[in-house]
Amino acid sequence: MAATTERTRPRIGSHLFLTLLLVAFLFPVAWALLSAFKPADAIIRSPLTFDPTTFTLDNYTAMFQDVPIGQGFLNTAVVLLCKGAATMFFAPLAAFAFAKYQWAGKNLVFGAVLITLMLPTIVLIIPLLLEMKALGWVNTYQALILPGAVDAFAIFWMRQVITAVPDELLDAARVDGCGEFALFWRVVVPVIRPGLAGLGVLTVMNIYNDFVWPVVAASSERMATLQVVLSTLAQNITGNRIGADYATVTGELLAASSVALVPLLVLFILLQRHFINGILAGSVKG
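In terms of the UniProt record's numbering, the sequence shown opens at residue 1 and continues consecutively.
FRET-style restraints, in silico, Cβ to Cβ:
(1) P190 / L81: 21 to 27 Å
(2) R11 / A77: 42 to 48 Å
(3) R273 / T53: 37 to 43 Å
(4) D41 / V262: 20 to 26 Å
The set of hints was computed from the structure by calculation and includes no laboratory data. The beta carbon of each residue, even a glycine, is placed where N, CA and C say it ideally should be.
Could you put the whole structure together from the sequences, leaning on the hints where they help?
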């Protein structure tokens, strides 16, 4: 009985610690979501309280009138679909070549791919921007989609996952007459689904939250992605509404941030099991 009690105490302590962490992480999110439904002046006057009787949609109504957030969502959706599809197709294909084929210079090329992970994004911005200008792609979807569509991390992640696929399985498929691409598509892809799911969640989050490159490559309002729109909210609100005060700007900022937060929050809640399985699948030693 005493031994059981001793084992229970550390478990209770760890659960309490994790609960405190959960509250610390979720409190800012809950505060932002609730405050977006408060009158603008109440957000400033009493930021830590919420009175259900004062529930209002004024912040959302004003935000949709003052800010082109719909265009930001549309541009982000286009980039997400095209760039995400390229990442999810070409990264596993390249990783399959690194993991299951022997060819001259393979380790050297893979090392060069990994070295690009050490380069800060800011170092690549000027060369990429000059390249986009030379191609005439500034303020176009091509500039938002193609650079970084197949990044080194995605290739490294999928190589770790594909390395765990037994070679005997591939040899058996070849004996049955399976071609190399069919081998990848029909044999490897079904086996690595957990890793693909994890990569998919990370890819969506990275593209959805990307700010530095879109703000440089798409400076026009017509091509601005959601994160660029959010970064210029205050200017848009004050520019479109004469006399907009700090409380008004804060209320609309919270409303816009809540709208932008919900898709990722729902995505992670729905796919958290696949994401965790993908993390575990990607932790296999190569």
